[in-house]
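Trainee: Sequence:
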Amino acid sequence: MKDMTTGNPTRLILQFAIPLLISNLFQQLYNLADTRIVGTFLGEHALAAVGATASLNSLVIGLLMGMTNGFAIVTARFFGANDRKSMKKSIAGTIVLSVGTVAVLTVLSVLFLTPLLRMLNTPDDLLAQAASYFRIILLGMLVTVLYNGCASTLRAVGDSVTPLIFLIIATFANIGLDLLFVCVFHTGIPGAAIATVLAQGISVALCLLFIVRRYPELVPCRDDFMRLFHDRHLLRWMYSLGLSMGFMLSLVNIGSVVLQSAINTFGANIIVAHTAARKLTELFMMPFSVLATTMATYCSQNLGAGKLERIQTGIWRALLLSWGWCGIVVVLCYSIVPALLYMVTGSTTPAILDTATQYLHINCIFYFVTVVISVLRNSLQGMGDLVTPLISSSIELAGKVLIVLLLVPRLGYMGVIVSEPIVWFVMVIPLIAQVLFGKTFRLIREKQPAA
Numbered sequence: 059m060k061d062m063t064t065g066n067p068t069r070l071i072l073q074f075a076i077p078l079l080i081s082n083l084f085q086q087l088y089n090l091a092d093t094r095i096v097g098t099f100l101g102e103h104a105l106a107a108v109g110a111t112a113s114l115n116s117l118v119i120g121l122l123m124g125m126t127n128g129f130a131i132v133t134a135r136f137f138g139a140n141d142r143k144s145m146k147k148s149i150a151g152t153i154v155l156s157v158g159t160v161a162v163l164t165v166l167s168v169l170f171l172t173p174l175l176r177m178l179n180t181p182d183d184l185l186a187q188a189a190s191y192f193r194i195i196l197l198g199m200l201v202t203v204l205y206n207g208c209a210s211t212l213r214a215v216g217d218s219v220t221p222l223i224f225l226i227i228a229t230f231a232n233i234g235l236d237l238l239f240v241c242v243f244h245t246g247i248p249g250a251a252i253a254t255v256l257a258q259g260i261s262v263a264l265c266l267l268f269i270v271r272r273y274p275e276l277v278p279c280r281d282d283f284m285r286l287f288h289d290r291h292l293l294r295w296m297y298s299l300g301l302s303m304g305f306m307l308s309l310v311n312i313g314s315v316v317l318q319s320a321i322n323t324f325g326a327n328i329i330v331a332h333t334a335a336r337k338l339t340e341l342f343m344m345p346f347s348v349l350a351t352t353m354a355t356y357c358s359q360n361l362g363a364g365k366l367e368r369i370q371t372g373i374w375r376a377l378l379l380s381w382g383w384c385g386i387v388v389v390l391c392y393s394i395v396p397a398l399l400y401m402v403t404g405s406t407t408p409a410i411l412d413t414a415t416q417y418l419h420i421n422c423i424f425y426f427v428t429v430v431i432s433v434l435r436n437s438l439q440g441m442g443d444l445v446t447p448l449i450s451s452s453i454e455l456a457g458k459v460l461i462v463l464l465l466v467p468r469l470g471y472m473g474v475i476v477s478e479p480i481v482w483f484v485m486v487i488p489l490i491a492q493v494l495f496g497k498t499f500r501l502i503r504e505k506q507p508a509a
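Quick note on numbering: the sequence shown equals residues 59 to 509 in my numbering.
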């Protein structure tokens, strides 16, 4: 466990963020393995079928990850306040609320999968393969939420190393299982999905075993569950935070789903190009999301400890670290992107590589704005602000819908490319306004910043 309420903020942030960054890198490798193996052994048509579900997949993962991160904010608050009894009760709440939510989502999403894919304008020749792949991913949502719940709980108490170790193991297991199911068992696209779920199941089993043996104080007992059901205030608080963060990421990804419905009308080459560009975008933006996740825990622990003056210092240092990475990304995008795209897709089709390169060249210049959005949004949620981040994400959703309606018919795929930079400049406004004029930050500014 790591207490983030004492010590140098920069050092604490980096000590927490670096294992999380490596973890996210392996998470991307986890996903890229599916993309490359499907593209190499099953062809670009199969890769397009997987890509046609990419935005829905991100929507599901974002919802579950955001929800469990929201629950973990409560756990981090109690940990920072040294209230171990309430901390265990909050972990019991994470289990109950996560499993209950996923049970409902699984039933609804599987029942309405084909209509959802049709709403996304998935081409008829890709529909069957896309549905066969994504149905298995949906049926594995329970495994996904259990891993996210374990990982977010460990991070809430300052342990970002253990989830990394188990994710590395799961990543290599996923690659091996992908090759086994696709190349040996010849199960096609469904095999890649089965491999993904099984590999994540391995990480869940390892996480649970580790927590029971290493951190027994994090394992809720029967009394913790009984106290939870009598504490409606805690349940409401946890679910409001969980849904706030889950809906925030969902709104972001619903906007991407709306864009995907437009992208799917441009044909297989554009679908593959956009899928590849988004994979690299997620990789490039990873340090932003890592520092943002770190700041949610950092701010929550320090708020729980009543150390408001440390919050402002931490936010500024997280922003400076992120802006440094932005400069590196711009250099990468204008130098080795075509080679990276080939590594992701295995494709040598000029139309695919040129389109994806154009997307990255334009978007990377505006990552400096994305940094502010990521860090401030998660910091505010770590401090209990449920409204401002949701407003910002709602602006993103509305902006992408308007762009699909107004720009894409006139500019084609270029309308998709410019959509995010346009939206970023608008959605950062309420976040900056809250920092400048919000009550909590006004209290922080009245104190002397920590050294």
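Certain hints may be false.
[Said to hold, decoys possible] List time: in silico SDA-like cross-link candidates among lysine to any residue, alpha-carbon distance up to 20 Å: (1) K143 <-> F243; (2) K143 <-> L292; (3) K497 <-> T371; (4) K497 <-> L292; (5) K365 <-> K497; (6) K497 <-> L460; (7) K497 <-> A363; (8) K497 <-> G364; (9) K143 <-> G158; (10) K497 <-> L464; (11) K365 <-> Y273; (12) K143 <-> N327; (13) K365 <-> D61; (14) K143 <-> P248; (15) K365 <-> I153; (16) K143 <-> L301; (17) K143 <-> T371; (18) K143 <-> L293; (19) K143 <-> L378; (20) K143 <-> N66; (21) K497 <-> L293.
[Unchecked claim] With beta-carbon atoms standing in for the labels, derived distance ranges: (22) F99 <-> E275: 18 to 24 Å; (23) V484 <-> T245: 50 to 56 Å; (24) I487 <-> E275: 22 to 28 Å; (25) D141 <-> C241: 30 to 36 Å; (26) H291 <-> P173: 56 to 62 Å; (27) V168 <-> A397: 20 to 26 Å.
By construction, these hints were calculated from the structure, which means they are not laboratory data. Just so you know, these numbers come straight off a predicted model, no measurement behind them. Where a beta carbon is used, it is the ideal one built from N, C-alpha and C, also for glycine.
Trainee: Would you check the hint for K497 and A363, treating anything up to 20 Å between C-alpha atoms as holding?
Mentor: Holds. K497 to A363 sits at ~18 Å (cutoff 20 Å).
Trainee: Can the restraint linking K497 and L460 be considered satisfied, given a maximum Cα separation of 20 Å?
Mentor: violated (33 Å)
Trainee: Could you grab the alpha-carbon distance between K497 and L464 and see if it respects the 20 Å cut-off?
Mentor: Violated - the C-alpha atoms of L464 and K497 are around 38 Å apart, more than 20 Å.
Trainee: Does K497 pair with L293 here, judged by a C-alpha cut-off of 20 Å?
Mentor: violated (26 Å)
Trainee: Does the alpha-carbon distance linking K143 and L292 stay inside the 20 Å limit?
Mentor: Holds, at roughly 13 Å.
Trainee: For the range 30 to 36 Å, tell me whether the beta carbons of D141 and C241 fit it or not.
Mentor: violated (52 Å)
Trainee: Tell me if the straight-line CA distance from K143 to N327 falls inside 20 Å.
Mentor: Violated, because 55 Å separates the two Cα atoms, which is more than 20 Å.
Trainee: For the pair we were handed, K365 and I153, check the Cα-Cα distance against 20 Å.
Mentor: It is violated: about 29 Å lies between the C-alpha atoms, which goes past 20 Å.
Trainee: Given the hint that K497 pairs with T371, test it: the Cα-Cα distance must not exceed 20 Å.
Mentor: holds (17 Å)
Trainee: If I claimed the Cβ atoms of I487 and E275 lie 22 to 28 Å apart, would that claim hold in this structure?
Mentor: Taking Cβ atoms as reference, I487 and E275 lie about 43 Å apart, which means the hint is violated.
Trainee: Does T371 lie within 20 Å of K143 when you go C-alpha to C-alpha?
Mentor: violated (30 Å)
Trainee: Has the given pair, K365 with Y273, been kept, meaning a C-alpha gap of at most 20 Å?
Mentor: violated (26 Å)
When each numbered hint is compared with the structure, violations occur for hints 1, 4, 6, 9, 10, 11, 12, 14, 15, 16, 17, 19, 20, 21, 22, 23, 24, 25, 26 and 27.
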